[in-house]
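Keeping their order, the protein sequence lines are chains U and F.
Position 393 of the first sequence, counting from 1, maps to 393 under our numbering, and the rest follow consecutively.
Position 59 of the second sequence, counting from 1, maps to 59 under our numbering, and the rest follow consecutively.
I should point out that these hints are in silico values taken from the structure, not numbers from a laboratory.
Keep in mind that this is a model prediction, so the values were computed, not measured.
Cβ atoms here follow ideal geometry from the backbone N, Cα and C, with glycine treated the same way.
Careful: at least some of the hints might be erroneous.
Residues from chain F that face chain U, not an exhaustive set, calculated with beta carbons under 8 Å [unchecked claim]: (1) K37; (2) I39; (3) L106; (4) F139; (5) R174.
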Amino acid sequence: MDRLKEELTQKEQVTTRQHPAQAVRSFVAAERKHDLWDDVLAQLNDVASRIGLDPGMHAILRQPERELTVAVPVMMDDGSIQVFTGYRIQHSSARGPCKGGIRYHPNVNLHEVRALAALMTWKCAVAGIPYGGAKGGIQCAPKEMSQTELCRLTRRFTAMILPILGPRRDIPAPDVNTDAQIMAWVADTACMLQNQSTMEIVTGKPVSLGGSQGRKEATGRGVAVITRELLRHTGQTLEETTVAIQGFGNVGSAAAAILHDMGCKVVAVSDISGGCHDPRGLDIPAIARHVAAHPHHLLEGYAAPGVESISNEELLTSQVNVLIPAALEHQIRADNAPQVRAKAIVEAANGPTTPEADAILDERGILVVPDILANAGGVVVSYFEWVQDMQCFFWEEAEVNRQLERIMVGSFGKVWEVGEQRAVPLRMAAYMLAVHDVAAAIQLRGIFP
Amino acid sequence: MTDPVSTQALQAPRRLPDADSIAEHIVHKAVSFCAEKMIVDGAEAAIDRIRGGDRVACDYYVYGLTRHVAESLGALDGHTKAAYTLEYESTPDDACFAETQPGAPLVHLIIWTERETAAFHALVGALDCALVRALAALFGRDPQQSVLDVQVVDDQDVANRTSYGALFHAIHHRPLQVWER
Chain U
1 MDRLKEELTQ KEQVTTRQHP AQAVRSFVAA ERKHDLWDDV LAQLNDVASR
51 IGLDPGMHAI LRQPERELTV AVPVMMDDGS IQVFTGYRIQ HSSARGPCKG
101 GIRYHPNVNL HEVRALAALM TWKCAVAGIP YGGAKGGIQC APKEMSQTEL
151 CRLTRRFTAM ILPILGPRRD IPAPDVNTDA QIMAWVADTA CMLQNQSTME
201 IVTGKPVSLG GSQGRKEATG RGVAVITREL LRHTGQTLEE TTVAIQGFGN
251 VGSAAAAILH DMGCKVVAVS DISGGCHDPR GLDIPAIARH VAAHPHHLLE
301 GYAAPGVESI SNEELLTSQV NVLIPAALEH QIRADNAPQV RAKAIVEAAN
351 GPTTPEADAI LDERGILVVP DILANAGGVV VSYFEWVQDM QCFFWEEAEV
401 NRQLERIMVG SFGKVWEVGE QRAVPLRMAA YMLAVHDVAA AIQLRGIFP
Chain F
1 MTDPVSTQAL QAPRRLPDAD SIAEHIVHKA VSFCAEKMIV DGAEAAIDRI
51 RGGDRVACDY YVYGLTRHVA ESLGALDGHT KAAYTLEYES TPDDACFAET
101 QPGAPLVHLI IWTERETAAF HALVGALDCA LVRALAALFG RDPQQSVLDV
151 QVVDDQDVAN RTSYGALFHA IHHRPLQVWE R
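Whole structure, please, built from the sequences with the hints as guidance.
And the structure:
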């Protein structure tokens with residue numbers, strides 16, 4: 001045991017001598033640089049050919065408007081200086097100021113940030129909110145850094161990209177490993193350097209600093225509204241609809257609660273601890289109370305008459321009207337798509353369906369409402385946060401929810417219409433609508449000068 | 001949560017000879033890590049913050065547990081290649097609106113191994129039990145059911161993008177590497 005402890009201690013010392021931010025490497029980094037942006041371009045090319053996109057517009061959209069790479073020196077707690085690499089990429093500002101998150105992760109790279117910026121352009125266009133797309137990030141290991149180090153990193157990064165940020169230029173938001181505290185530091189740095197109150201420069205702020213009511217449930221609420229609209233357009237009633245939701249975190253639990261209140265039968269839910277199923281419909285309020293009281297906020301241990309335990313895989317292949325993957329990426333893949341028995345899928349998570357699975361589901365006649373439409377509720381309420389900050393006037397939660405509903409209903413209707421008119425799956429319809437609207441904005445504005 | 005099927009297949013003793021010592025070492029290192037990052041005076045101050053539900057302290061403490069559990073598993077199992085952790089929220093921008101994690105930690109690990117074995121799952125199960133005892137002793141709380149949520153992937157899962165192996169190619173969800181051989 002002493003020998004083992006000694007080995008462990010030696011290993012830790014080696015790791016500590018290499019700064020964690022440099023010590024962590026990803027085996028997929030090289031592959032990913034090629035894959036991600038190329039995938040986005042391939043998708044854009046496909047959409048461009050379908051909508052007959054003007055070659056000039058196509059050329060514009062194939063490149064981000066602006067890319068900024070910065071070296072961010074930070075004095076660490078031990079007195080050493082580390083230099084981190086940060087990025088901010090603005091894909092398109094044709095429809096309005098750019099919008100997109102900032103992520104802190106050791107594997108952040110230019111290709112990934114570029115791809116994510118473009119996806120934000122499409123997402124905002126589908127949602128019909130007046131934003132373009134952007135994304136940013138810093139290559140760092142945030143969980144290995146103290147709060148003071150994170151603060152210095154954030155403030156220096158903000159100062160270095162501030163020339164291209166602004167409430168009417170580019171509005172960052174939280175993303176992987178960033179949160180409301182990081183956004184507060186970004187906003188405060190901007191306020192200090194610009195010598196004015198400019199809290200509207202970021203979203204995802206705490207309510208006390210200008211954040212919006214209703215943000216916590218926004219994505220889940222948006223998913224529920226989209227599901228309801230899907231049912232309406234396919235001639236089904238809420239009461240006759242059975243739903244299975246994979247994932248019972250912030251998004252999944254909110255969607256389950258709201259769909260339950262709407263009258264749907266949520267017959268199955270799951271999380272990392274497993275799932276539960278009742279063909280008569282689960283008591284979602286009771287499950288929510290159980291999860292809130294559980295030490296790890298999990299479904300584990302929930303029991304009620306008629307409720308049986310199921311696995312995540314069994315939930316994905318359960319016989320329901322609507323399947324809502326609200327957990328991780330790549331849950332519905334080529335190997336399990338043939339077994340999916342839902343009539344429709346509403347993508348609450350980002351990227352839960354692989355392209356190969358998409359093709360299988362389409363062939364099988366299973367409707368898939370894509371993530372860029374279904375989970376846009378969060379970015380819509382981020383837009384509301386910005387609107388309220390700009391007005392310095394804040395809405396009650398009921399008003400936020402009412403406006404969210406209006407926007408989500410409108411965007412579903414437009415995507416559905418394109419899907420019907422062009423006889424394409426809803427994912428393609430969403431991208432066609434997005435690319436068309438962004439290109440139309442560019443054409444109307446003209447090419448400066 | 002370990003794979004119940006594999007664990008049942010091997011009726012391993014629920015106590016490894018050194019599991020309790022390893023668990024105490026892990027918990028001690030995690031608290032020290034928390035104290036270092038919180039810039040507080042010693043382990044007791046960190047423990048007070050964790051007991052009080054300080055979200056930042058809890059995050060550092062859980063990450064410290066995660067890292068040191070990964071290192072221990074890597075040292076004890078020669079097939080383990082790397083270990084990752086993950087935030088379980090469907091969209092990254094919703095993760096910051098999730099509930100504050102209470103004082104009962106849950107260590108999420110994705111272990112990339114050359115070969116998934118029943119012996120590894122038994123190891124995880126025994127370490128889990130030992131960590132439950134160590135945490136109960138340190139924090140004076142009722143023992144919680146489990147501390148470890150360990151998902152195992154092998155080379156095929158990563159290459160074929162199946163199971164949690166698909167996440168290594170993910171664009172939105174980013175597993176964070178906490179250990180590699």
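Status of each hint after checking the structure:
{"no.": "1", "hint": "K37", "result": "holds (4 Å)"}
{"no.": "2", "hint": "I39", "result": "holds (6 Å)"}
{"no.": "3", "hint": "L106", "result": "holds (4 Å)"}
{"no.": "4", "hint": "F139", "result": "violated (12 Å)"}
{"no.": "5", "hint": "R174", "result": "holds (5 Å)"}
The structure fails to meet hint 4 from the earlier list, while all remaining hints are met.
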